[in-house]
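Undergrad: Using full-length UniProt numbering, the first residue of the sequence shown is number 1, and each one after it goes up by one.
There's no promise every hint is true.
[Stated by the list, open to error] With a straight-line Cα cutoff of 25 angstroms, these simulated DSS-like cross-link-like pairs (lysine-lysine) come out:
hint, residue 1, residue 2
1, Lys136, Lys85
2, Lys42, Lys214
3, Lys200, Lys131
4, Lys136, Lys187
5, Lys85, Lys131
6, Lys187, Lys131
7, Lys136, Lys216
8, Lys202, Lys136
9, Lys216, Lys131
10, Lys216, Lys202
[As the list claims (entries may be wrong)] Label pairs and their in silico Cβ distance ranges:
hint, residue 1, residue 2, range
11, Lys202, Val249, 37 to 47 angstroms
12, Val249, Gln22, 42 to 52 angstroms
13, Val249, Ser226, 40 to 50 angstroms
14, Lys191, Phe217, 19 to 29 angstroms
15, Glu139, Arg209, 26 to 36 angstroms
16, Val93, Glu125, 22 to 32 angstroms
17, Ala69, Ala197, 14 to 24 angstroms
18, Pro196, Gln22, 38 to 48 angstroms
19, Asp126, Val249, 35 to 45 angstroms
20, Asp8, Asn48, 38 to 48 angstroms
21, Ser241, Asp126, 25 to 35 angstroms
22, Glu125, His24, 22 to 32 angstroms
23, Ile224, Arg128, 42 to 52 angstroms
24, Arg231, Asp126, 46 to 56 angstroms
Just so you know, these hints were derived from the structure itself, not from any lab. Each residue gets a CB set at the ideal place from its N, CA and C atoms; glycine is no exception.
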Amino acid sequence: MPLHTIDDVIAALATIIWDSEQRHDPLGYFAVLYQKVTIKVKEGIANNFFDDGPRMEQLDIVFAERYLAAYFAYQQGQPLSYCWKKAFDLGSVDEPIVLQHLLLGINAHINLDLGIAAAEVCAGEDIRGLKNDFIKINEILASLVDEVMCGLSGIWPFYGLILERAGKFDNLLVDLVMRAARISAWKFAKKLAKKPAREKTKLIARRDRQTARKAKFIGRPGTITSMMLRRIRQEERGSVSEKLFELSVPAVAS
């Protein structure tokens, strides 16, 4: 479906989530997280959180179009980027733990798609004008960390104990990982903005391969780590649909 507003993005993600519930498809886990982020961005635009609200909505749309195009291309057996193909291949089975599913989507969408979308939205302009709003996205992501962690603890009860023992440390680690990915995406966007079309294509292809290698590590992290993750997977509670529900429930303030 064509996207014209941020509400169109939210509706498209809702369709994927609903379809994932019906088909018990773990690819829906990332769509739930993505919808949460998009709703927060919409709220930020409405509350004048960003310097340029209309531009942020356009960035959100262009950014989402890349994920949606990859998702539906995969469903229809059509060509798509290496990193999304790898993410969907690894994530289309229920073997990885839920956190791995989320990280596979985050890896492809931030490390490849975000920089491309930012450069596209700023075509013909100085991309440095986007930097402040780009950084503000980190604040939105950080605000969702607690909510995601609460959802994960509902799926794997022992995770709740880890959160109690680790306090905010675990959340801080996730926040730092996300922030590092955003910083890398911003550097990539600036490189793209300076290149002519032919060089952009080469740069994107190289970035795609690099991101695909990261996806392989997330999904297949090595023998010992995989054994630990398999144990966690065995202890995760609920069907795919039930896990989708746990991830979608807002965190309750303590």
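Undergrad: With reference to the structure, classify each hint as holding or not holding.
TA: Verification of the hints:
With a CA separation close to 29 angstroms, the supplied pair Lys136 and Lys85 exceeds the 25 angstroms bound. A hinted pair counts as satisfied when its Cα atoms are at most 25 angstroms apart, and Lys42 with Lys214 does not qualify at roughly 30 angstroms. Only pairs whose Cα atoms come within 25 angstroms are accepted, and Lys200 paired with Lys131 is accepted, the gap being roughly 20 angstroms. Distance check on the hinted pair: Lys136 and Lys187 sit about 16 angstroms apart at the alpha-carbon level, within 25 angstroms; holds.
Between the alpha carbons of Lys85 and Lys131 the distance comes to roughly 30 angstroms, so the proposed pair goes past 25 angstroms and is violated. Taken as a hint, the Lys187 and Lys131 pair is honoured in the structure, with Cα atoms around 10 angstroms apart against an allowance of 25 angstroms. With a C-alpha separation of about 29 angstroms, the suggested pair Lys136 and Lys216 falls outside the 25 angstroms cut-off, and the hint is violated. As the CA atoms of Lys202 and Lys136 are separated by approximately 29 angstroms, the hinted pair breaks the 25 angstroms bound.
Proposed proximity of Lys216 and Lys131 is contradicted: the alpha carbons are some 30 angstroms apart, above 25 angstroms. Annotation: proposed proximity of Lys216 to Lys202 holds, straight-line Cα distance about 22 angstroms (limit 25 angstroms). The hint said 37 to 47 angstroms for the Cβ distance between Lys202 and Val249, and at roughly 44 angstroms that hint holds. About 19 angstroms separates the C-beta atoms of Val249 and Gln22, a value inconsistent with the hinted range of 42 to 52 angstroms.
Separated by about 29 angstroms at the C-beta atoms, Val249 and Ser226 break the suggested range of 40 to 50 angstroms. Checked against the hint of 19 to 29 angstroms, the pair Lys191 and Phe217 passes, with Cβ atoms roughly 23 angstroms apart. Separation of Glu139 from Arg209 is about 31 angstroms and conforms to the stated range, judged on CB atoms against 26 to 36 angstroms. At about 43 angstroms, the CB distance of Val93 to Glu125 disagrees with the hint of 22 to 32 angstroms.
A beta carbon spacing of about 19 angstroms between Ala69 and Ala197 agrees with the range 14 to 24 angstroms that was offered as a hint. For the pair Pro196 and Gln22, the supplied restraint of 38 to 48 angstroms holds, since their beta-carbon distance comes to about 45 angstroms. At roughly 42 angstroms, the beta carbons of Asp126 and Val249 sit within the given window of 35 to 45 angstroms. Here the CB-CB span from Asp8 to Asn48 is close to 22 angstroms, at odds with the stated 38 to 48 angstroms.
For Ser241 paired with Asp126, a C-beta distance near 47 angstroms fails the hint of 25 to 35 angstroms. Under the hint 22 to 32 angstroms, the C-beta atoms of Glu125 and His24, about 44 angstroms apart, miss the expected range. For Ile224 and Arg128, the hinted distance range of 42 to 52 angstroms is satisfied, since their beta carbons lie about 44 angstroms from each other. Between Arg231 and Asp126 the beta carbons are some 51 angstroms apart, a value that agrees with the proposed interval 46 to 56 angstroms.
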